[in-house]
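Colleague: Line by line, the protein sequences are chains A and B.
The numbers in our numbering rise by one with no breaks, and the one at position 62 of the first sequence is 62.
One gets our numbering by counting positions in the second sequence from 1 and adding 1000 to each.
These are computed hints drawn from the structure, not numbers from a lab.
Keep in mind it's a predicted model, so treat the numbers as computed, not measured.
There is no bait here: all hints are sound.
One-sided excerpt, in silico: chain B residues whose CB lies under 10 Å from chain A:
| hint | residue |
| --- | --- |
| 1 | 1037 |
| 2 | 1058 |
| 3 | 1110 |
Below, a sample of chain B positions facing chain A; criterion: calculated Cβ distance under 10 Å:
| hint | residue |
| --- | --- |
| 4 | 1042 |
| 5 | 1048 |
| 6 | 1107 |
| 7 | 1108 |
No residue lacks a Cβ here, since even glycine has one placed at the ideal position from N, Cα and C.
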Amino acid sequence: KNQVEQSPQSLIILEGKNCTLQCNYTVSPFSNLRWYKQDTGRGPVSLTIMTFSENTKSNGRYTATLDADTKQSSLHITASQLSDSASYICVVSDPYSDKLIFGTGTRLQVFP
Amino acid sequence: NAGVTQTPKFQVLKTGQSMTLQCAQDMNHEYMSWYRQDPGMGLRLIHYSVGAGITDQGEVPNGYNVSRSTTEDFPLRLLSAAPSQTSVYFCASSYRWDRVYFTEAFFGQGTRLTVV
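Turn these sequences into a full structure, and let the hints steer you where they fit.
Modeller: This is how it looks when you write it as structure tokens:
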């Protein structure tokens, strides 16, 4: 069964520090991998979308990496801010069904 | 341009009651879908539609009905609410999926449903 697993489940960091969130997937082949940010009580909002041929993609302080050989992706947040407190969800697109397969997310809390 | 609008934001139902969750988008997207989000689980697909008049089942369709009479609206109906349907429901829309290219999915704000 196609799965997307994320680690850690939750993370607490101090404002200004960097952090890295991990995503492992078994979907193969896949057409694209996405990272979403979900604030409490809100819907997910896209941060990046990467195809299987892309290794790195940045969106401001967010940088996503992808290793299609090992089926791993990471999301690196630089110089964290209080507003980065949210859940970060890794999503892989199944090319055969065109459906999105969601990870369970990493809950990030940034404290001053 | 409001994006994806869901109503209501909160709802409490008694077991056995029925209700409709509304979803509307103003981006002329062909593809719309409904997900439920439960603690410790990723979003799971309930039903989806690739265009007006076309709907199909997702991963967890039991207990839910959908219809797509217009491009803009995609309501989700709970036929006879059960406590197991207590969840947060999200509607999403995008341009038509394509296996070669990819399109951004936009999510609504969610509906928090409690069935007692």
